[in-house]
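Q: Please put together the full structure from these sequences, using the hints given.
Take the sequence shown: its letters are residues 15 to 67, numbered as in my numbering.
Simulated from the structure, these hints should not be mistaken for laboratory data.
What you were told as hints is all true, and nothing was included just to trick you.
Beta-carbon label-pair distances, calculated as ranges:
(1) Y34 with S64: 39 to 45 Å
(2) W65 with M37: 39 to 45 Å
(3) N55 with Y34: 28 to 34 Å
From the three backbone atoms N, C-alpha and C, an ideal C-beta is built for every residue, glycine too.
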Amino acid sequence: AMSCDQASNSGVPGIGPFPYQVMLARNHAKICRVLTSRLQNFPDAVEEASWLH
Numbered sequence: 015a016m017s018c019d020q021a022s023n024s025g026v027p028g029i030g031p032f033p034y035q036v037m038l039a040r041n042h043a044k045i046c047r048v049l050t051s052r053l054q055n056f057p058d059a060v061e062e063a064s065w066l067h
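A: Below, the structure is given as structure tokens:
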């Protein structure tokens, strides 16, 4: 999550106050949060799958 926050926060101010850039940064941060939460849940899913087999 740290790298995602750094990526979304570092790029925008230098580019300028363009709404679509801000929107991209917000989407990027949102996608990163979703991906990191899925990665955290991934081991549980693997355990469940191994139990099924």
